Structure formats: structure tokens, C-alpha cells
Amino acid sequence: MTTLLESLFDFNGGVKPDYHKDASTRLSIGVSPAQTELVIPLHQSIGGTPRPIVAVGEQVKKGQRIGDADGDVSSAVHASTSGTVVAIEMRRMPHPSGLSSLCIVLESDGRDEWIACQAFDYKKATPQEIRDYLRDSGVVGLGGAVFPTHLKLNADRQGGIETLIINGAECEPYITCDDMLMRERADDIVRGVQLMREILGAKHVRIGIEDNKPEAIAVMQTAVRFGDNRTDDLLVVAVPTRYPAGGAKQLIRVITGIEVPHGKRSIDYGVQCFNVATALAIYEAISLGRPLISRIVTVAGNVGAPRNFDVLIGTAIKDIIAACEPLPDTNRLIMGGPMMGVEIPGDEVPVVKATNCILLGSNKIFPPPAPEMPCIRCGECAIACPADLQPLELYWFSRAKIFGKAQEYHLFDCIECGCCSYVCPSNIPLVDYYRFAKSEIWAREKEKSLADEARDRFEFRQFRDVRDEQEKSARLAARAAAAAAAKQLATMVVTTDAAEISTAETSNEANEKAALIAAAIARAREQQGTTTPQNTQQLSAEQLAEISAIEARRAEIREHAKPHLPPDA
Amino acid sequence: MTGYFFVVLGAVLVNNVVFVRILGLCPFMGVSKKLETALGMGAATTFVLTMACGSSFVIDRWLLQPNGLEYLRTLSFIVTIAAIVQLTELVIQKVSPLLHQVLGIYLPLITTNCAVLGVPLLNVTLKYNFVESLLFGFGSAVGFSLALILFATLRERLEGADVPVHFRGTAIAMITAGLISLAFMGFAGLDKYK
Amino acid sequence: MLEAILVMSLGAIVLGAALGYAAVKFRVEGDPLVEKIDAILPQTQCGQCSYPGCKPYAQAIARGEAEINQCPPGGEEGIRKLADLLGREFKSLSAEHGVEKPKAVAVIDEQTCIGCTLCIQACPVDAIVGAAKQMHTVIAEQCTGCELCLPPCPVDCITMETLHETVETWKWKYPVVALHPTAGIS
Chain A
1 MTTLLESLFD FNGGVKPDYH KDASTRLSIG VSPAQTELVI PLHQSIGGTP RPIVAVGEQV
61 KKGQRIGDAD GDVSSAVHAS TSGTVVAIEM RRMPHPSGLS SLCIVLESDG RDEWIACQAF
121 DYKKATPQEI RDYLRDSGVV GLGGAVFPTH LKLNADRQGG IETLIINGAE CEPYITCDDM
181 LMRERADDIV RGVQLMREIL GAKHVRIGIE DNKPEAIAVM QTAVRFGDNR TDDLLVVAVP
241 TRYPAGGAKQ LIRVITGIEV PHGKRSIDYG VQCFNVATAL AIYEAISLGR PLISRIVTVA
301 GNVGAPRNFD VLIGTAIKDI IAACEPLPDT NRLIMGGPMM GVEIPGDEVP VVKATNCILL
361 GSNKIFPPPA PEMPCIRCGE CAIACPADLQ PLELYWFSRA KIFGKAQEYH LFDCIECGCC
421 SYVCPSNIPL VDYYRFAKSE IWAREKEKSL ADEARDRFEF RQFRDVRDEQ EKSARLAARA
481 AAAAAAKQLA TMVVTTDAAE ISTAETSNEA NEKAALIAAA IARAREQQGT TTPQNTQQLS
541 AEQLAEISAI EARRAEIREH AKPHLPPDA
Chain B
1 MTGYFFVVLG AVLVNNVVFV RILGLCPFMG VSKKLETALG MGAATTFVLT MACGSSFVID
61 RWLLQPNGLE YLRTLSFIVT IAAIVQLTEL VIQKVSPLLH QVLGIYLPLI TTNCAVLGVP
121 LLNVTLKYNF VESLLFGFGS AVGFSLALIL FATLRERLEG ADVPVHFRGT AIAMITAGLI
181 SLAFMGFAGL DKYK
Chain C
1 MLEAILVMSL GAIVLGAALG YAAVKFRVEG DPLVEKIDAI LPQTQCGQCS YPGCKPYAQA
61 IARGEAEINQ CPPGGEEGIR KLADLLGREF KSLSAEHGVE KPKAVAVIDE QTCIGCTLCI
121 QACPVDAIVG AAKQMHTVIA EQCTGCELCL PPCPVDCITM ETLHETVETW KWKYPVVALH
181 PTAGIS
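Chains as they are written, first to last, in this note's numbering: chain A, 1 to 569; chain B, 1 to 194; chain C, 1 to 186.
For reference, chain A alone in the conformation it holds in the complex:
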């Protein structure tokens, strides 16, 4: 069975930009230049920031865990080489903000000494153990979203999933890291795919590759068909080249025909999608026991020798750029591709798990954007949108900061692919508006949840104040009552004695009081008298026997009931 017999589906919209992929695929994957200092940011995946578990001055080996995942939605980080921890400090991030974040700075000892790597016996492990292992191996989605893989590789699903899709489409211009990885490490990728398939219990597996990468398709097909990897229903599918065919939802739609609707995830439809590089990382983590400490990075754009490198996480970007003969008129650095990439503040920032491409820009390659003109509602963006949204409406409301309306038009289904900005005849940077609106909405939601928490705490505090007050007054009242009772008793004794001796000596007041107390005691006695059961006196022998039988049964029942009572009862 070949890919030609498989019928494919289509997604709406999309664009066909110039691909510029040939230049960086001429050379094989290069080795990352040796580093004396590696800056490893702790926060490299979606979710919580890992906690550093090494101290300054500590010796670490290559692959040693240096940051522990913070909770389940997080991923560990590891030393990329052996050496000494020289600092744990704030360093600038490859992030459009140019802000700093906590990093572990390693000084390499040049020996590049691995920890003792041990394969993980996933067959004997429970699903939870597999997830924990992958989390501690720092495996995250390497397509660019860096979503922790262990959360997606969930083996708990009953009966396994329907289709496992491996994303090798790599639709964005200039980027060729997945292409080169498939060409050079196809066997290992397929081994990783087999592992994933086994863990997920997937019935079908499809590896989707855009048809502008014939070499990668050929190599992958060979790897799938021959050798130890041969299994049923694992196909390499050539998908038509159209940006953004590599978007998870778009690729799922092209291969399976399933359109994942708003607010749902693909797993709800039995489909899960992983990047090819992630498959390789899973293979290395499980079969070789090596955590994720490097990735393939494309260096392209305004350079003389564009190429892919296998780069250790934490390597300074300037060092790998230097190996590619950057041209002097370079004025911009972009992490990612020209469509979805973000501009980064400088070249001293480290390579992180999300860095798939470093694109150098100049005014010649990427001319500065033409001035933004008014939206003429031509609808080109709606035609181009692969997520079937109405970009013009989203733009209208995002621009006017009417965020509620933007959300009504499903702003959060936007994948920020940039097709709308690409086709816009008015040169409107639409994606910038969406990013602005999204981060603004996120910030507000966070604020709101904090406010709700504050309200709960405030209300509980008020409740506690009232309760404490009540308890206190109850306590005081009880004490006052006890004191009064004691006093009463004392006065009673005194007054009765006094009454016996001489009533004339006591004042009228005392008399009245004594009378009141006497009356109260009389009342109490009377009450006591009435409450004593009248039917327990003058009983016949039969009645007494019956009563004792009933009492015995009651005792038995109590005995039975004992284990069911709460311990403090």
C-alpha cells in the first residue's frame, strides 16, 4: 500500500509564500560549536517554572537534571554538558519582550561527560510512571509550541486512540530543521513513533510531510517499510504544500478529514499529533535514557552559508550565527520563521527548546512593512484564514479594544499563522492586533481569578471574625452563668442559715433575693419531679423481665453499631 492510494482532505484558506528552503538543506546537520558557557533558562516549556536543584559551584554531568518540574504541567531541564554551575541568575531571554528570566549558567569542563544513561523499561511501567519519566526527561513538543509531551502522551484512554499523526510538514518558509532531521535520523524517528504508538495504543499512524520535501519523504518511507521498524498501518503521507499545512488542526484535517471544532481538542476525536523531532526526543529518552538537551536549529536568511545545527540548549545564538557567515547588512533577528516568528532583542540570548530557526533579516530580504492603511473589508483575510475565522471582524474589535466581541468571534481559535497579514492589501499587521488582544484578555482573566480569590478570602475572614465573636460571647456567657450559679449556691446556704438564726438582721433586699432563689429552687425541684418517669414504679415481675430483655437487646444493637460509628463518637 502506498501513499498514493490514501485519499487526502483539504483545509480552507492558506497561502503559498516563497519557501526558500533549498539553501539550508545543501549541507548536512552541523555540530554545534563548542561552548565555554551555557545559559540554560529554567522556564522553557508551557506551564510552571522548574525549580533549580543544583547550587552554585556544583559539578554537573551532561544530562543531569538541574531543574525539577514544578507540578504536572511543567517539564524538567537538564545540563547540556558537563561542568560547573557558575551562577543561577536573571539573563535575557529569546523573547520579544527582551526581559530576563532565571537561568542556570554552566561553565563547560570540556569533557562532555554523560551521566550513566539507562533505558527506561516502559513496558513494565504504569502510564503514570511513563508520564513522570517523560516529564523528568524534559521532553516537550519541538514544533515550536513547547507543550509538555507527557501531558499529550496519555496512555489512560480506554482502548487506545484512533490515529497518531506525526507532523513533519514543516510548512513555514526558511525552516528546514525537521526536513534535515528526517533525512539524517529517519530510523530513530520511526523508532520513537513506534514507542508512541505502543504507549498510546494507536490503531493508525500517519507521518505527514509536505510534498516539497521529496528526499525526506523517500528516506522516511524506506525507514517505515524496511528494517526492524516494519509494522502495519504506519504510512508516510505526502501532503500538498500549502502554508500552514503543518498546523496541528490543519494537518489533522488534511490527513483524517476531522475538523476539530471550537473549544475541543483533537484527542476528543481520538487523534493526537506530535512533531517528528518530538518523536526522536521520546526515542532518545526512553530507549537511550538521554534527556532532551539539544535540538536541531536552522540558521537562514541573511547569511552566506545557511545550515542546520544540532545545538545544545543554552548555546548563545551569536555563536551559531557566526558559523554561517552572517552578512553585514543584517538588522534583525527572528526566532522562528518569517510568518510566525518573533523578533528577539539581541544575539547573546541562548537557544531554548522552542528555537527551531534563527532567521537573520535585512531590509533587502524583509523590507520594512509599508504603512498600515485602513481596512477596506475586502475579505481577502477571511478567504486566507485556515482556521475559518473572520480576521476582519477580529481586527475591528481588537483594534478598538472591544475584547468581549473579539472573543465572540473566536479570537482564541486563531493560530497566529499570519496568512491574513500576508494577504492584506492594506498592509495591516493583523496578527499583532490579535496577539495584543489575546495577551490583554489573558491578563484580565488572571486578574479576575485573583480578585475572586481575594473575595473568597475576605469573605471567609469576615465569617471567621463573626464566628470568633460569637464563640467568645458564648464562652463569656457560659462563664458568667457558671459564676452566677456558684454565687447562687453560696447565697442560698448563707440565707437559709441566716433565716434560721435571725430574719430581722437581713435587709429587705436580701430577703427578696432569697425568696426569689427559694422559689427558683422549688421550681427546679418540681420540674425534676415531673420529669422522672412515672411508669418505672410499682412494676410487676413480668414487666421487669420484659424491660431487662429489651435492655439486653439494646446493648447487643449498640455492640453491633460500634464499628460504624466515627472514631470520635
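Calculated from the structure, these hints are not laboratory results.
Fair warning: there could be bad hints in the mix.
[Claimed, not checked] Computed cross-link-like contacts, DSS-like style, restricted to lysine-lysine with a CA-CA straight-line distance of at most 25 Å: (1) A:K401 <-> A:K438; (2) A:K438 <-> A:K264; (3) A:K446 <-> A:K405; (4) A:K264 <-> A:K405; (5) C:K173 <-> A:K446; (6) C:K81 <-> B:K34; (7) C:K101 <-> C:K173; (8) A:K61 <-> A:K16; (9) A:K438 <-> C:K101; (10) A:K438 <-> B:K127; (11) A:K472 <-> C:K133; (12) C:K36 <-> A:K401; (13) C:K103 <-> A:K438; (14) A:K472 <-> A:K401; (15) B:K33 <-> A:K401; (16) A:K21 <-> A:K318.
Being a predicted model, the structure only gives us computed values, none of them experimental.
For chain A, the structure is supplied; the task is to place chains B and C on it using the hints.
Leaving out everything else, chains B and C in the frame of chain A:
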């Protein structure tokens, strides 16, 4: 039958109470900022206006005219309308407190809405019978709601528009209302086919 | 004349009876609007609005006793939302109730703290931990920045620290069109 149909159609489109007769502009400008409030106000006014037309017809025909008390018409109509509005307000407060808060002062102001008084008075002038009165009231109210809803949807979009500073807010709203009014003038002559 | 009075009186009696019945029948219990207003307020519980907490202020707004522009932590944005909800006109923040400040959290200088627990009693959201004669500290995530702990401190060891932007809290800025100087214009 067609007569009744044209009474309604005429009231909704041809003689739209807001855009053609230019009645009830106060709530029209006041609560048309959001579609939800416009819908609520439209529903409330429809209820009040239909009720007002029915009861004012009854009062006029069987109480005022037999006793020769036509000069009390305006007074008694206002009292009736005021009572119906109060009733509506109580019901809305119970059913939808938010709508009640949002409509705010405009809800009791339905009492003084010239459309609500104008339509029962027009009923008398036009010598409509009971069913026609009800239909005319209902049609006018639907026309009012239509105007309100149309205008609210436009204003929601206007909020995001690049309006020159001096035209922002009510000014641009007035201009927009004028343009829609012009468009509604185009319905004139529709009743020629009667 | 008599007829007119009779007719009008009759009408008044009938309508009055109907309204009286409706008033009883459709009596409103509680005020769900308060919840909606309270949801907009920032829940700092700072009391700058002159009410003892956000809920009382919300109740005052719902009753129509308070203006919507008395909440400095909520800022212009909060006023705008309240104006939208209640259909009132937007007003700028009233100066007598304070000014809008960037979000800050209280920080206790742990060297100076004498462990008097006064700030713990002042904190409306229980965001300060500590015990008598023990050092106190502020749980930064739960601090609303209300500044109510500042005045009671006898040794002035509490300061407000403005929160700075981090990679996690950074927001994309509103797009602006860059102007490129051209050769033709001098």
C-alpha cells in the same frame, strides 16, 4: 383581512414611529447602545403600547364618548399608560433585574414616551376599530423595536470605528439615525399597492 | 362635571387596585445586581471608596447611594465597566478617593519586624502569616496591595513594592505604525 395586514405593515415600515413620524426619540437614543438593552426595551415597549392601545380604545369608546367626556381623553390615556408602565416595571424587576437596572430611567419614562401616547391618540383620529387599534399599536411598537435594534447593532459597530473626535458619541449617532431615516423614507408609496 | 370626576375616580380605583396586587405578586427578594457589580470591583478590600470593603460599595452602588467613580484600584477601566453595566455615564476617577497606582504588593522588612501581629489583624484577605513575637511575612500572590497594613505597623517595616513585568506577565503591545523617514522630505 388585507386591510389589517396593511395597518401593521404601514405602522412597521411606511410610517415607522421613530424614523418617519420622529416620535419616541428619547428612549431611541438612550437605550440603543447595546443590542441586549435594545431588545429588552423593544419588548417592554411592545407590551406597553399594545396594552395601551387596547385599553385606551375601551376607555374612549365605552366610557368617554357615551358620556361626552372627550376632553378627558389625554388625561385618562396618560393615567392608563402610567399604570401599565408601572405594571411592566414591576414585572421586569422581578423577571430580569439586570434589564431593569440597564433600562434604568428609560423604563418609567415609557410613560412620557410620545410614541406611546401618540399612537392611541392617532387611533382615535384615524377612527380605527378595536382590532385595528390593537394591530396599529402592535405594529408601531414593532416598528419602534425594529428601529431600536437596527440602530443598536450599528452603534455597537460604531464603537470600534475611527470617528473624528468632534463627532464621537451622540453626534455620530444622530447622523446615523438621520441616514436610516432617509432610507425609511424610501418605503413611502408602499401602500400604493393597497 | 360629576360624571367626569366619577369616571376618573373609577379609573384610579381600578388601576390602583391592579397595581397594588402586582406590587405584592411581583415582590423582588434580594438584589442579584449587587453580585454583578461586585464581580467588576477589584476586590482589594482597601476601603478607599469609603465603604468597608468591595461588597458594601457594590451594595451602595446598587442602591444608588454611591457614585461609580470611587474605586481607585479599579481605575478608569473599572469605572468604564460599571458605567456599561449600569447604563450610567462614564466619569473620571474622583480625586477625593485616591489615585490609580500601578499594582504593588506589601513587603515586610523581616529584620525590623517585631512580631506585633497588628498587620495580620489589618490585612483584609489574610495574606500575612506570622504569630506573636515571630517574624511576619506577606504572601505576595495573595496580597491585593490595599496598603491597610501600613498604618498599624509600629516600626514602619512594611513597604509597597511595585510589581515589575516578567516574561510570564509581559503583554504584547498595541501595534503602532512605525514612521520611516524618506529621502524626499527634508
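Now the hints, each set against the structure:
no., hint, verdict
1, A:K401 <-> A:K438, "holds (11 Å)"
2, A:K438 <-> A:K264, "holds (19 Å)"
3, A:K446 <-> A:K405, "holds (19 Å)"
4, A:K264 <-> A:K405, "holds (21 Å)"
5, C:K173 <-> A:K446, "holds (18 Å)"
6, C:K81 <-> B:K34, "holds (13 Å)"
7, C:K101 <-> C:K173, "holds (20 Å)"
8, A:K61 <-> A:K16, "violated (46 Å)"
9, A:K438 <-> C:K101, "holds (24 Å)"
10, A:K438 <-> B:K127, "violated (60 Å)"
11, A:K472 <-> C:K133, "holds (24 Å)"
12, C:K36 <-> A:K401, "holds (22 Å)"
13, C:K103 <-> A:K438, "holds (21 Å)"
14, A:K472 <-> A:K401, "violated (52 Å)"
15, B:K33 <-> A:K401, "holds (16 Å)"
16, A:K21 <-> A:K318, "holds (22 Å)"
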